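Based on the hints, put chains B, C and D in the right spot on chain A.
Protein chains: 4
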Amino acid sequence: MSGSVYGNIFRISTWGESHGKGIGVVVDGCPAGLTLNEEIIQDYLDRRKPGQTKYATPRKESDSVEILSGVFEQKTTGAPISMVVMNTNQQSADYSEIAGYYRPGHADYTFDQKYGFRDYRGGGRSSGRETIGRVAAGAVAVSILKQLGVDVCAYTRSIGSVSIEYKNCDRKNILLSPMAMPDLKASLKAEHYLDQKMQEQDSAGGVIECIITGLPAGIGEPVFEKLDANLAKAVLSMGAIKGIEFGSGFLAAEMSGGEHNDNFRYDNDGNVTKLTNHAGGILGGMSDGSEIIFRAAVKPTPSISKTQRTINKTGENIDINVKGRHDPIIVPRAVVVVEAMTALTLVDMLFMSMTSRMDNLVHFFHK
Amino acid sequence: MSGSVYGNIFRISTWGESHGKGIGVVVDGCPAGLTLNEEIIQDYLDRRKPGQTKYATPRKESDSVEILSGVFEQKTTGAPISMVVMNTNQQSADYSEIAGYYRPGHADYTFDQKYGFRDYRGGGRSSGRETIGRVAAGAVAVSILKQLGVDVCAYTRSIGSVSIEYKNCDRKNILLSPMAMPDLKASLKAEHYLDQKMQEQDSAGGVIECIITGLPAGIGEPVFEKLDANLAKAVLSMGAIKGIEFGSGFLAAEMSGGEHNDNFRYDNDGNVTKLTNHAGGILGGMSDGSEIIFRAAVKPTPSISKTQRTINKTGENIDINVKGRHDPIIVPRAVVVVEAMTALTLVDMLFMSMTSRMDNLVHFFHK
Amino acid sequence: MSGSVYGNIFRISTWGESHGKGIGVVVDGCPAGLTLNEEIIQDYLDRRKPGQTKYATPRKESDSVEILSGVFEQKTTGAPISMVVMNTNQQSADYSEIAGYYRPGHADYTFDQKYGFRDYRGGGRSSGRETIGRVAAGAVAVSILKQLGVDVCAYTRSIGSVSIEYKNCDRKNILLSPMAMPDLKASLKAEHYLDQKMQEQDSAGGVIECIITGLPAGIGEPVFEKLDANLAKAVLSMGAIKGIEFGSGFLAAEMSGGEHNDNFRYDNDGNVTKLTNHAGGILGGMSDGSEIIFRAAVKPTPSISKTQRTINKTGENIDINVKGRHDPIIVPRAVVVVEAMTALTLVDMLFMSMTSRMDNLVHFFHK
Amino acid sequence: MSGSVYGNIFRISTWGESHGKGIGVVVDGCPAGLTLNEEIIQDYLDRRKPGQTKYATPRKESDSVEILSGVFEQKTTGAPISMVVMNTNQQSADYSEIAGYYRPGHADYTFDQKYGFRDYRGGGRSSGRETIGRVAAGAVAVSILKQLGVDVCAYTRSIGSVSIEYKNCDRKNILLSPMAMPDLKASLKAEHYLDQKMQEQDSAGGVIECIITGLPAGIGEPVFEKLDANLAKAVLSMGAIKGIEFGSGFLAAEMSGGEHNDNFRYDNDGNVTKLTNHAGGILGGMSDGSEIIFRAAVKPTPSISKTQRTINKTGENIDINVKGRHDPIIVPRAVVVVEAMTALTLVDMLFMSMTSRMDNLVHFFHK
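Protein chains in written order, with numbering that gives the first Met the number 0: chain A, 0 to 366; chain B, 0 to 366; chain C, 0 to 366; chain D, 0 to 366.
For identical chains, the list gives no copy identity; a pair is met inside one copy or between any two copies.
PhoX-like, lysine-lysine: derived pairs with alpha carbons at most 25 Å apart:
#1 Lys20 with Lys74
#2 Lys48 with Lys145
#3 Lys74 with Lys312
#4 Lys322 with Lys312
Just so you know, these hints were derived from the structure itself, not from any lab. Treat the numbers as computed from the prediction; the structure is a model and nothing was measured.
Chain A with its partners taken away, still in its complex shape (with noise of 0.2 Å):
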């Protein structure tokens, strides 16, 4: 079980690595009748192209989908969605290198430990590019998503110490500021705490939030399959996410009960409201059809330029400077990642939810 498949009704299959041939995944499980092209796949997948600005490792890749099955006359046929983008940019000549030692805060050491040895070529499974095949399935649970109501809308949060204050999804921000952070002041300030961690041939870590909106109440199970669980899971499975927190989070911990507890009031219109969202839009692990907020901690990109000690193979203490082109940062990337596996997680969570009600059945199969 190498674990490169995800999901349960709605089930993606994952493929390739960073200096291989390609990168893909199969999607298993897509209704029939969605509208579905290659030009809505790419234009999600853009959003973690690399070489658009300068915190982005300066690789010129094109990155194009290609749509093998699945798709007749631009609508999904209920069969498997097989999707490819070939690697056209691969220079393994620049890791031949890092194959004889283990480079910190990666995961070298443990591919060796599980399989007896690796794919050293670029990181092999665990490089970004495996991303690739998460966000190109995403792309598709966000238009089924679309179709259901729902959104899913990720940002960076803070940039090293550079954070900003909660705001609702400004989509226009978040695309134009490199940093996919909708304050575009923070984002210039991030910029420059950047710029000196390059300087310092070091590299940068951060924070994604995602906001949630229009899932409707009773959504996740209430027990092992708890909403929450499971995005956890689907956000931990990320390389370099080290932690992730549901509406106050840790600092939840720090609350009483009587300032923690959202209280409940109908509006004017006999909707029901909470006072305050502490939770963040679940309880008792189902979805509360308030709006969902988590955040997710992404570490420092652990390529860095810097002289680093580590050990070799043969037995040796040694000192390195991994070459190569890096992302100095790779929190803004990684936040379409974010929305990705969120939107796959929802896709089968509200496929799972089906099933709950004697009375939905029946109106479902006698309709």
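For chains B, C and D alone, kept in the frame of chain A given last:
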């Protein structure tokens, strides 16, 4: 899918409501030949038993476990292990009032939204008693891990604003402290803090820390089934958990790569060591052979006697005072549940990892 | 993985040995709002109860089921339904002798090979009593199917050489016949056949036929999760089943395409009909809206009093006469188990099918 | 859930339509260190290639496989193995006519019922070309099994009325015979039989037999995950299969226990043997160490040129003659697919079985 099944190869199925006939679990996939009896399970279960201190609900429950299958002459047979704790102290009358309204911070509203109605007696399936099944199964997992040299140790890291520094797992003090805090001075401070909350008819939350030792390197699968991703799901699947972080966690987001990267070194005996452990023992989703550390945020108990605002099912905004016997804090009792969920996850991931190398497989089947 | 969990969305977990404390099942994923009580389960369970005729083991067992969770005021709540039948009439002494040798046709040898030892009391987990969990869960599935207009009807098609022609399911006669054979004349002939086998201290097998009506077209997934593939697994997962065939089955292998293809026609009301049903109601792994028919071959009961040759665990070839109370035929009692496994599978596949079309999803979530 | 994912620990995800851009498969969970290259896959794939004899569709397709990931320097890395066969000889024009009506014996009607419309080009996902993904993945499974000493051998047991007696697997003759019938005289008779069917513009079916040798005793899980249950699902998941039987199969239903039970005996070297093998090598769902034998019934090819009655989508009863290039028999080409599905299932069940005993686990992890 009500989602009461957990695990892939080592799989448990829990059942039971706080005020039904009983609570139980079926463990499927336990290897044959493990020594097991009711005493082993009971000892572990007793760590979550209520009524032990003034900080826990004063209900007196024996919570006495019975093994119904899967064990023959004190050895597991490879067949499913069914365990049950019959409920003996239910007073459903206590709960009749809450049937008509939604308690803030509880899952009453989301249950009704999902299922159309709910078993309102004591929280039904979202009651803390649901964890009995997890802990009973966890005791089996812990027994397996012990045979494999793996230890899981959780304790209270903070209650409200009272926090301790990380220290090696000191089981004796953890069990001595009514707060499950190995620093007994801090434990006393936490008791004072809690006394105050109780006087205010309020409640508190906290942080649980968990340390795994003895896990070989290479456990966890590199893409979706990362070790940290699965532990995150495991822990977030518990009620009241609002966040999780590994190693430096959210602090990592503010560190630079040079600060965060753990440098490798061979020690004098030629063993691989890391000079720091900011990663919390996991690289690329796989254990790196060092200590695994994570922390989980526990929200304050939602059941408080203080007046709260909420809505009832007949369309009115009302004020309520929740009566009944409630824990002013669940952190100390949740410690063993974190351990149990961790152990269940580790067994599953150890089992998954067995097929990662062809040479191991040839050796296994040709032995 | 002991493999005692069945199903994907509607999932059951069975447990218990013939001579342990009891037998049970946990049903996870039952929709809320289904009317359920112990009488409904018991009525279905009684169809597999031993001691009803001279052709079944004379053990007297009440096999009285208790529902421990998941039902509140006679309605399912969406929580797991735990059901148990306590064993009341075990005489383990009967079985002590067989601990030392391997009964031909039984799983004694394979259990020892797999697990290193076995719970030798009455077959342990491979006893016919294991099916109690399946049938109790099957009763829940049948209740769901009834709400959705689907009926499953199985009966004895042949016993040894005594066979009946296919006829419409005649439940009254099926229940009247101790052979579960709706043709009562043939049933009497089968009884005579069986009397003879019993005089010879021998046993008999037979064929069970099962008919599904009311299933909408399009149930089953077109590749690996074909309806027939899943029914085959369901039925072959019962002990003693040695084969399954759908529609014309093995005869199809001798037919030509022109003979086997079922031609379509609109009837006078414009409904789609087929002029024949050689396919058994399944095309490309999906139901075609007509009657689904399959047959399963049941081997003769392996427990016979006749002298047999076998080996013991101390390395000797020996002759044995298996004592104890055994059914000379299991076919009539297995009929309800075939129904139960079929019903469990159909519920799961109906649930799976709900996400096949985008228009249905939009309708479902926007209702 | 379109159900194009197969397996639990060793898991494949297939995709592609007969007239789309290509057909492929992703294999997840292949152990690292297995020797693999395109030649190994191609050799196995070539056994199902069309255009080899006059009894197979005269389409010329190179069916040339490319490995896109998971292999580094001719060794599997533990990462997903993505394999693709691009379609090179599609003539969609051939199929435009069938868009409007439902071919008898095909899945046209059920696809439309399930998904609302269908990709009508060449059967889409229910085309025989879908098996390319299965066979490519099967080649990987066969390579693993070879390392573990397990062999899977299938061949044609009968075509129409021409049948051979069971014999040991004679691979040379199986590959020599255009019918995949190891008895070359019978093979010639079958060719004559087929010539006649072709003259009659009709088609034929047959029976495939499969033998597994070298499988250790104790593989298969005793309840729902029985070895025979999983093989049945595997084989019935192929199009056109209408039944399966193990060992004596349906004949067992007419035998007595005394006839059917396989008696055990130690041979002169102290090895366990059975005097007969009516059980087909499986007892209680677990392999007993002897040869495993099963047979599958293949229906006659539904595509025939003969006039047939059917309906069109505009409400009319019509007569049709299906044009296009079709195999008059699929049995010989399906032989390797039976092998592939069997191999895929065996790898999964071998992997599942690794955790059945605590002593094995301790040995594995403390090695």
